[in-house]
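J.: This is what each chain is made of:
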Amino acid sequence: MSKQVITVLQLYPKDMNIYGDYGNLLVIQRRLEWYGYEPKVIHYNVGDTFPSDVDIIIGGGGQDSGQEVIHQDLINIGPKLKALAEKEVPMLLVCGLYQLFGNFFKTLDGKTLTGIGVLDVETHGTHERLIGNIVTNNEEFGDIIGYENHSGQTYLGKSAEPFATVVKGAGNNTRDGHEGARYKNVIGTYLHGSILPKNPLLADFLIHTAVTKKYGDFSTDIVDDLLADLARKVAEDRPR
Amino acid sequence: MVYMPHPFVVILGKSVRYVARLRGGGSALPGLFVEKISPDFIKNTLAQLPHGVVVISGTNGKTTTTKMVVALLEAHGLKVFTNRTGSNFTRGVAAALLGDIDIKGNLDADIAVLELDEAHAVPFVKAVPPRYSLLLNVMRDQLDRFGEIDATAKMLEKIAIATTDTVVLNREDSRVLKIKDALTDQKVELFGLSDSLLPHFPSDDDMRDGSVKTVKRPDASVILKAYSGNKATYDLGGHEFSTTLKLNGIYNVFNGAAAIALAHAILGKDANTDSVISTIASVTPAFGRGEELQVGGQPLELVLVKNPSGFRLGLKSFSPEGYATMIAVNDNYADGRDMSWLWDVDFESLAGEGVAQVSGVRAYDMALRLQYDEVTINHIEPDLAGALRQFIDVNKDKPKRIYCTYTAMLALRKELSKITKVEVIS
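Just so you know, the protein sequences line up as chains A and B, in that order. When the letters of the first sequence are read in order and numbered with the numbering used here, they come out as residues 29 to 268. When the letters of the second sequence are read in order and numbered with the numbering used here, they come out as residues 28 to 453.
Bound conformation, chain B alone:
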């Protein structure tokens, strides 16, 4: 293996990062470069941090939850390093590090909060054992990558076992809760939902069962008690707090409970409840996760959909009434190549208003899916840029919502940035 002195690697990596950004996009490319020439780069750099490393993983909600955790820790005066881009492979972490370290390789931060994709987290935690981990859920995602959900749950278990201090688990996901039984040395904190909110979160197992059963679950330190409109009530250790949120969609609000539980585990006695609640209230959705843009004086929402549970929750969270709806489905590697998942989402709720535009590489697969739910489609245009233009032109006076897979979301944001203000994520 080639060994290079640290500062040299840093300068090289930083140059690649600069060039990659000039070319536009490619947040993981410089990371790949550094990974190749100095495999210990991430490990050595993160080892400097006084409060250690936090890993957040699971199928859905990583990016939004990470954003909330970072905000909570910063509100308590910590300097946080994070991989903001949602580029949650090891390479993305290396790339983000390159942006934040000085030329000598020093990282000016107290703690690292990293979202990691399940499969990439396993080798990562082997090299860099996290002090804290938060495991959100195991849903059918890109099964073409991982094989089966039981296998994905095993990956999360490995992250938990590698954790040195506290593991935070979702007690409403039976596969995640079970990880508790594999832990002996770690502290475990749980977050959950009140019984009345459970029916909003049918798991893949309940999907064809029709009903969500309320079974007895262990006590949780943070519970999302109630949610309606944009008002949420959280129960923190027996005390209830209500607040108005900027987040859209009940799943994002539930991620708030996860973030609070993790922040509590990290901050311990230093956690200030007022500051926790006001911070959660002020967090805006992460890019493409219910993000709202303005186009021609009308709101346009981007809702990322990556898997059946996420798509079902999205359709349940946002009423189609009065909105023009577009669906954009790609099947690139990051989206998952298998289109089977579309058949596990029920689209009948869109039948009343119809779908204005269907787009993406797999536009016809999506349209075929809608045909079998007898949902009317106005236009089908696989080309995303053309479809977006037409969608905006035809629906000028209406608020708009686009459900999109990951790479479709990135492409649409890029197109939208030509006509409106879109926050740049680098």
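Excised from the complex, chain A in its bound form:
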């Protein structure tokens, strides 16, 4: 019997790639394989045709210059991404793309980059860089461990839910004590690290949601997460 295929789309690997968020793609790819599925990876870059059939979408952080390069293209495919979000397709957007999945990003020099409004959040550039090891907590996934590095501060609108509560670190901004945002199965977060390797429950949420949505049931295979557990224990106690 041929394996069931799950299509994973990575947004803008060419221009939004410098914070190790590639690890998220690798983790989804490998875990799909380990669970017995066949991952099909699409690298979506500026100007490419947006595919009609997608099961998981992930995207990472980039330089300010990278954000400018992809901005118009993202606006163009925005309606398609919005439709997929409404259809409960799981997505993980980290840092730069989290900001642009919001309503807007207002830079320090007063420029406003319009976002695609999948998440009801807005981001304001600041002089302060929020940087260091971070631990947050989410009811569904427990402690989430990663590393944040951003000078944009994000504020949630009425229809956005925070993704997690900050245990140690800064999170969305210096005031609210929460981190990231969630709408349906779309998760926006500032956590690098990469986030998925050390938070396998979150990786499995994206995978499980995609697989059950497409095929109804999920693999009974088990992945050994001992190394992730040990790495989490060390990371939790490291200085910021």
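Keep in mind the hints are simulated off the structure, nothing from the lab. One or more hints might be untrue.
[To be verified] BS3-like mimics (lysine-lysine), calculated; alpha carbons at most 30 Å apart, straight line:
| # | chain 1 | residue 1 | chain 2 | residue 2 |
| --- | --- | --- | --- | --- |
| 1 | A | 31 | A | 68 |
| 2 | B | 441 | A | 42 |
| 3 | A | 42 | B | 207 |
| 4 | B | 252 | A | 139 |
| 5 | A | 212 | A | 196 |
| 6 | A | 134 | A | 31 |
| 7 | A | 115 | A | 186 |
| 8 | B | 243 | B | 343 |
| 9 | B | 185 | A | 42 |
| 10 | B | 423 | B | 448 |
| 11 | A | 134 | B | 181 |
| 12 | B | 153 | B | 70 |
| 13 | A | 241 | A | 186 |
| 14 | B | 425 | B | 273 |
| 15 | A | 134 | B | 205 |
| 16 | A | 139 | B | 207 |
| 17 | B | 181 | A | 139 |
| 18 | B | 185 | B | 214 |
| 19 | B | 214 | A | 261 |
| 20 | A | 68 | B | 343 |
| 21 | B | 205 | A | 139 |
| 22 | B | 441 | B | 273 |
| 23 | B | 252 | A | 42 |
| 24 | B | 273 | A | 42 |
| 25 | B | 273 | B | 258 |
| 26 | B | 185 | B | 205 |
| 27 | A | 186 | A | 212 |
| 28 | B | 70 | B | 273 |
| 29 | A | 134 | B | 185 |
| 30 | A | 68 | A | 42 |
| 31 | A | 42 | B | 425 |
| 32 | A | 139 | A | 108 |
| 33 | A | 261 | A | 108 |
| 34 | A | 42 | B | 423 |
| 35 | A | 68 | A | 196 |
[As the list claims (entries may be wrong)] The following residues of chain A were derived to be distant from chain B, with all beta-carbon distances above 12 Å:
| # | residue |
| --- | --- |
| 36 | 35 |
| 37 | 91 |
| 38 | 104 |
| 39 | 140 |
| 40 | 157 |
What you are looking at is a predicted structure, and each value in this text was computed from that prediction instead of being measured. Don't be surprised by glycine CBs; every beta carbon is placed ideally from N, CA and C.
Following the hints, put chain B in place on chain A, whose structure we already have.
T.: Just chain B now, with coordinates in the frame of chain A:
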């Protein structure tokens, strides 16, 4: 601000340096001390030098390149002051000065060649404008310190603008090459690679692109034309020279091109090509940068890895075949606290031989990274001393190679010095 007369500062600083060395290590501590009580100390001392100050900066290769530049200038009869320890913060420079000046504060040198960390170089060049600067590359390094590579490139641009005579730039790094456009008063010299060697140096931008594109670049005064085995061919102003090198790894050999270009800019007509080539041929790797030690009759190589591009180049330069491999990853301030970078390095080349030992504070992060590239690991031991002992015991009859982050490298060298000959760096 407290003002102290110069000789007094010197004596105090020298005493702190002596005490710090008795305690073992801490090359920057006495410098910190002097910096606090006499902020103009470095400036005043370096102002005496007839050939001025040379600053070498960039993400990767500073220490090895500085070592080569010093050797080239010394081969041409210049007396060179340098910060040999790789302690490339301002404090490290002050500490090195304290070791080299006499009690009256005189520095017996013709020229200072300093490697400086990007961020620390900016205030440094404001106080002490260099006559020459060499800017090597901008790679993702400790982004937790600088924020973004574009910001780091800006720092290098400031060094270039503060330079009074000649700026030497890497034409293969688009962010470094762009600095040329910001310069009006300075002379600019470029160094580069032949098209055929370009694919060995994928930049962070090319990383997920799969291919390295050959675009048209401006002419360079020094080009690394070819490299295989340990034989390199450099093109100096249209003339080709081949030589056998003691350096390991293509990135060190490319740094040779940078060093030659800088030495040419400094020496001008006095540069003797035969002496340049024979000097480059005789330079050995800087400590921990492909350095080879002997342990139990087998070679043990230390390869410093600080960032994804450096780690990728290291894995590409050294074949794992027949070697026992250890990886030691720390996350102290000098290593960078963020572990994200490990996910931008492809470890599949190690899958064939596996990894014998994983160690360091973030041993489990490293092991987790290897798990996702399906690389077999024999042992994981976060404690460096214990891991090193086990690694040597279990792999007695094999040549060994350790990829290590900065503070892990220092700790491992210290452990290794108990069982074999290790050059002391002070």
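J.: Work down the list of hints and note, for each, if the structure agrees.
T.: Do the hints match the structure? See the list:
no. : hint          : in the structure
1   : A/31 x A/68   : 11 Å, holds
2   : B/441 x A/42  : 41 Å, violated
3   : A/42 x B/207  : 25 Å, holds
4   : B/252 x A/139 : 45 Å, violated
5   : A/212 x A/196 : 26 Å, holds
6   : A/134 x A/31  : 45 Å, violated
7   : A/115 x A/186 : 21 Å, holds
8   : B/243 x B/343 : 25 Å, holds
9   : B/185 x A/42  : 28 Å, holds
10  : B/423 x B/448 : 17 Å, holds
11  : A/134 x B/181 : 22 Å, holds
12  : B/153 x B/70  : 10 Å, holds
13  : A/241 x A/186 : 28 Å, holds
14  : B/425 x B/273 : 21 Å, holds
15  : A/134 x B/205 : 27 Å, holds
16  : A/139 x B/207 : 28 Å, holds
17  : B/181 x A/139 : 21 Å, holds
18  : B/185 x B/214 : 15 Å, holds
19  : B/214 x A/261 : 53 Å, violated
20  : A/68 x B/343  : 28 Å, holds
21  : B/205 x A/139 : 24 Å, holds
22  : B/441 x B/273 : 24 Å, holds
23  : B/252 x A/42  : 29 Å, holds
24  : B/273 x A/42  : 37 Å, violated
25  : B/273 x B/258 : 9 Å, holds
26  : B/185 x B/205 : 13 Å, holds
27  : A/186 x A/212 : 14 Å, holds
28  : B/70 x B/273  : 36 Å, violated
29  : A/134 x B/185 : 27 Å, holds
30  : A/68 x A/42   : 18 Å, holds
31  : A/42 x B/425  : 40 Å, violated
32  : A/139 x A/108 : 26 Å, holds
33  : A/261 x A/108 : 40 Å, violated
34  : A/42 x B/423  : 44 Å, violated
35  : A/68 x A/196  : 36 Å, violated
36  : 35            : 18 Å, holds
37  : 91            : 5 Å, violated
38  : 104           : 21 Å, holds
39  : 140           : 20 Å, holds
40  : 157           : 6 Å, violated
Against the hints set out earlier in the document, violations occur for numbers 2, 4, 6, 19, 24, 28, 31, 33, 34, 35, 37 and 40.
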